[in-house]
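A.B. asks: In order, the protein sequences belong to chains A and B.
Read in the working numbering, the first sequence has 294 at position 294, and its numbers run on one by one without any break.
Read in the working numbering, the second sequence has 369 at position 369, and its numbers run on one by one without any break.
Each hint should be verified, as a subset may be incorrect.
Here are the in silico distance ranges between beta carbons for each label pair [as the list claims (entries may be wrong)]: (1) B:326 with A:239: 18 to 28 Å; (2) A:124 with B:77: 21 to 31 Å; (3) B:227 with A:354: 56 to 66 Å.
Reference listing, derived: stretches of chain B covered by chain A, where coverage requires no fewer than 3 residues with Cβ under 8 Å from a Cβ of chain A [said to hold, decoys possible]: (4) 20-31; (5) 109-123; (6) 234-248; (7) 394-405.
A few chain A residues that don't get close to chain B, going by computed Cβ distances all over 10 Å [stated by the list, open to error]: (8) 4; (9) 170; (10) 180; (11) 184; (12) 215; (13) 217; (14) 294; (15) 355; (16) 377.
Since the hints were derived computationally from the structure, they do not count as laboratory data.
Built from N, CA and C at the ideal position, the CB exists for glycine as well.
Each chain is listed here by its residues.
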Amino acid sequence: MRPTIRALVTAVVVVVPPVVIGITRGVGSPGFVLATLAGGIVVGELLELCPPVRAAIPLSYAVVLVLLRAASVQEFVITVAAAELVAAVLRDAPGVVVRVECLARRLVAIGAALGVYSAIASVGSSDNETVMLAALAGAGLVEFAVDEVAGEIGRWHLDLSGHGRSAQLALVTSGMLMAVGYGGLGGRGGMGLWGPALFSVPLLAAWYSFARLAVIRRTYTQTLRALSIVPELGGLVRPGHGARVADVSTEMGRELGLEPHEIEYLQAASLLHHIGHVCLDDPEVLGRPIEASEVARASAEMLRQAEFLAPAADLLSPDPLPFGGAPRSTMSTAGQVLRVASAFDELSEGGDERLARGAVEALYSGPGYVYDPRVLAALERVLERVPRVDGRVAVT
Amino acid sequence: MIRRLNLLSLTVGIVTGAAMAAVGVTAARGPAPDWVFLAVLGGLTVLASNRSVAFRDDAVFSADSMLVMASVVAFRPSGALLGPVLVGMCAGLDIAQFRERAWQKVLFNCGQYGLGALAAALVFWVAPASALSSAPWLILMALAGAVAFSVTTIVMLAVVLSLTTGERFRSVLGTLWRMHIEGLPFALLGVFLGRLYLDVGLVVVPLFVTPILVAREAFASYLALKRSHGDTVRILIGALEAKDPYTAGHAERVAMFTHYIGLELGLSAKGLERLRLAALMHDVGKLVVPNHLLNKPGRLTEEEFARVQMHEEVSVEILSRIDFLAPVAPSALSEHTRFKPVADAKGQPIEPHIVAVADAFDAMTSTRSYRKALPQATAFLELRENAGKQFHPRVVDALIVAIERRDERYGEGHEADIHDFGVEPPDAGLGSAGLGDLLHDEVPDSSEATQS
């Protein structure tokens, strides 16, 4: 389906049922509320909050909290099922399998939310503020927990840390606010559908911000990757060197427990650690070969021109320290990682599997330089699990 | 000048005095506000006014007017007018101004927002209290209140701004007004927040503020990353200029001319951004050309010429690896940017033609290693002559119209930074190694013919 056609169909599917019910049964009827919220779920399924690092989450999870407040269990089940089915058809997904998988994931997550909500709400009367807030919060949190576990099944890569969860936090609090706006709290207040409509604005602002962030993130990463091939196209470096070093050093950084921002700088520095080469004169013109330290210095100088990349520039230490030279501690772990990853790529001639063992051994014995054994151990662990294509380290 | 300063002090004095009087009167005559809620809202307002959210790159919106409107509604039933006035004054507490010890500014801002809040509150006081409980009425009153708030603050600010900058009062008013119109939906939201607080109490505040803070953080990361991206592009331009000092400022100027043309042709904001990046990066492939060939003072051999020409394909290769720029990647290819009157198929992107024209114009109007800058009239003439042959005629027209309307001058005698050249460039001649210059059909020949 073309995007414009999809948008048109969505608009019709979302707007027509509430309008018809509103005209025939009146805007105060329960059917109108359910039809409107079902429309909200469909739209929410198509608008996903895309935080960096974490998986995308649909805004419909917030509307579900309003529906919990507004509908009986039976109505809830029917409304959610109908809305999710429609969303599964309209979704921009490749193939039926992905659609069904996604649908199942949503239904399981929302089902769990319904269970938790009912369980907590049954503890006290529906007029009890604390119980109501706890029920809504519990339902919201369970939605994400189940969604995340279901999404990561088969990959066995569940990240339980709190990092990057601000989008989920925004979604739960917004959903609670929208639900409270709809039905009030402790028997007081409640603006009906005006509440969720108006109080979705902060959530939409968050969605918009995350959408912009995702786009620029992509462009930024791709720009770095594109620039990394400049020395390769100029025939100065082995093709794919920058990308391979970036991938391996990122994995090593994670292995060594570097902070996310350190890994970002490490990635940028890895991709651009040869960029300075293009500014140097040709060896024929100079009348002598170009030293590795000159390249590192030129690259660092270029990166330093950009305020935001200055920390990345610091990772490119200019001089290979001679054996027994300056103490290792003067160099950051990230700098060591970059050095090791780059040396490994050169020694193994582009991550060739047959040469990998020998390359690691050569690094341990230190060709004129002592590498941190901790960093080398991280390289070995990474090499065991990094994906390979045709016996070479695969580049993402 | 002295009169102006006195007028300014007088205005600030009047605003501050009026705000003080408002505080005094409302405190003495009205009931006391709920201090806990006042403290929470006031604190949040200070936070909001110091951490504004930019919802578009040029439109900065801060959440403070939203919180002021919330306080207007929240204090309505108790009748404590002091509440909104104090919350409004909190919106004027800018930490940066405290640090600069710009006391006059702080006083004025506090007074201005305090009086604005009072104006909005009075709108709600005039209406019956029962109007608070029906949503359509509330929307109506929210609009009236927000307008009262905006009008009061804008008029005061416009007076002070026109006194300090010397700009005309009405033009300042127009700019400020547009900014406030964009904030109107948020003022509306503030009213409903106040309403919800009246119903369910303080718990709504964290529920409301959390997603806004998350949105703000995400937007801040977006801006930071955008700056990093800009920096990365600038690195590459810096490297190009280091290799070829004659092209200093070339990429930026081409980006500016493409922007002019894009505006003239009515491109979207996204299209303009794409165009800007494509223009900045159109020469990226030159990075792989060895330094000695880029600045070779004599003529290039055929082999050398081929090597230099290769840069275009490298540029395309690099641009097409960036999804955002992939559609305009052909901008870097002189072959593709040539205008073909017959094959001007619809659906062909116009961006490459825009970059080509801007590139050629800047190449002609700036000094290169092979010739000095041409006068603007000559460059226009050259573009017009080749419009429909080499260049897209609409694009040529757009550039000329845009530059003439702005009354700007480029070319001989108008260059921004004139280089100190080791070897004086020759006076005449077009085209060299095809580096974004005029390319005539007999490319290598023209490059050889130019050296005097």
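A.B. asks: Hint by hint, which ones does this structure get wrong, listed from lowest number up?
C.D. replies: Violated: hints 3, 4, 5, 7, 9, 10, 11, 12, 13.
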